[in-house]
Amino acid sequence: MKIKIKFFARFTEIFGKEAIFEYEAGETNSLKDAVGAFCRSYPEKYGEVFTRDGEFQDYVLIMHNLERIDRDDAGAVKLADGDEIAIYPPVAGG
Amino acid sequence: MKIKIKFFARFTEIFGKEAIFEYEAGETNSLKDAVGAFCRSYPEKYGEVFTRDGEFQDYVLIMHNLERIDRDDAGAVKLADGDEIAIYPPVAGG
Amino acid sequence: MPVRITKDDVDIAKLIEESKKESMGAIVVFDGIVRNDGIDKIELSAYIEGATKEIEEIVADAEKKFNLLSVEVIHRIGVLDVGDNILIIVIGAGHRKEAFGGCEYILEEIKTRAPIWKKEHLKDGSRWVEQ
Amino acid sequence: MPVRITKDDVDIAKLIEESKKESMGAIVVFDGIVRNDGIDKIELSAYIEGATKEIEEIVADAEKKFNLLSVEVIHRIGVLDVGDNILIIVIGAGHRKEAFGGCEYILEEIKTRAPIWKKEHLKDGSRWVEQ
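Chains as they are written, first to last, in the numbering used here: chain A, 2 to 95; chain B, 2 to 95; chain C, 296 to 426; chain D, 296 to 426.
Chain A on its own, in the form it takes in the complex (with noise of 0.2 Å):
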């Protein structure tokens, strides 16, 4: 599997702009499994996306395919080969 996760204004700071994230589909496969297991390999930041117990910090916002994902719908959203996920803070335009 693979999968482009994107992350945008100050996440962009600590995860880099994008990354190709390629990892074994497990039986669940779901959003929010791919991010948080490519977030734990960055141990020390791991917290500005996820709670310790393995959530979305709540004002993390979510992006699947340019469709915006409701956090607490993120463990159900499954993902395919080539799906584009963007991570981002609260935003601040207009």
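No lab work stands behind these hints, which were simulated from the structure alone. Since no wrong hints were added, every one of them can be taken at face value.
Label-pair restraints from in silico Cβ distances:
hint : chain 1 : residue 1 : chain 2 : residue 2 : range
1    : A       : 23        : D       : 338       : 30 to 36 Å
2    : C       : 407       : A       : 52        : 54 to 60 Å
3    : D       : 308       : B       : 29        : 53 to 59 Å
We put the CB at the ideal spot given by N, CA and C, even for glycine.
Assemble chains B, C and D onto chain A, guided by the hints.
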């Protein structure tokens, strides 16, 4: 006493654009008296501005020296030589 | 000059640029244009001194009420075609709520208070607009 | 193109003229500009594809909800100075209430939904703006 009375919009088509009205100031010499006396010289059109009872029609708007005057106060507004009065129908700018 | 009643059109982009101040975060522009309601042309007339004074009072109220940093009001008179600008209001403020609030306030007050009138010229005659 | 996220500034007067339609009676423009809150410059970044899609959805909602006749949204990115335009929204509608309603709706939704960020550059460093 000499005053200037200006008419606007459809009132212009009845009374002309503006008139210098010269009259003998009576005891009251109010704005209502003076405009009433002027309009009475157009007997067929008097009703456009005044009711039969000599009150301003309730759609008539009035300015006295560039100050908006409430219709109900027009009988109490005293005129001085050279005053400018504007009489106009409901506005439709913007 | 913040209030003008004039036959001439204005350059809105220039009004915006000239309005800008360092403490400004939001500019709101209202541009009222001649709509084709089956009309041929529209003719605007005004009691120029009276309307200028009324609008200046409206602007002074709005500046205080909404903390505005700049206001420009241009009301056109004369014969206008469909699509022509009638009324242009350019408001600058620190924040968007003030700019929108001030712009709508000035517009509504002008519509009810300023001695300005419209006459619609139709194919077969003309009629005064009474709102 | 009704939605653009771009480094380039735009000609607001041209946007207004190109928006005009015969059935239009009101145009409302919002121009959000860089305010001097003690900053030197501001840097805007965006998830361009994501923000374009979100704003296109916002615009489609607003068009239906407020019966809009034309919408242009330009959100700038890159490094901007005090007084520079950040966000320009040009709305055309039959009547003023629709134009103001549509413009404010689109603005508020962009501010909460579009993946766009600001970084303030100060004399002594920089900081992300979180609203």
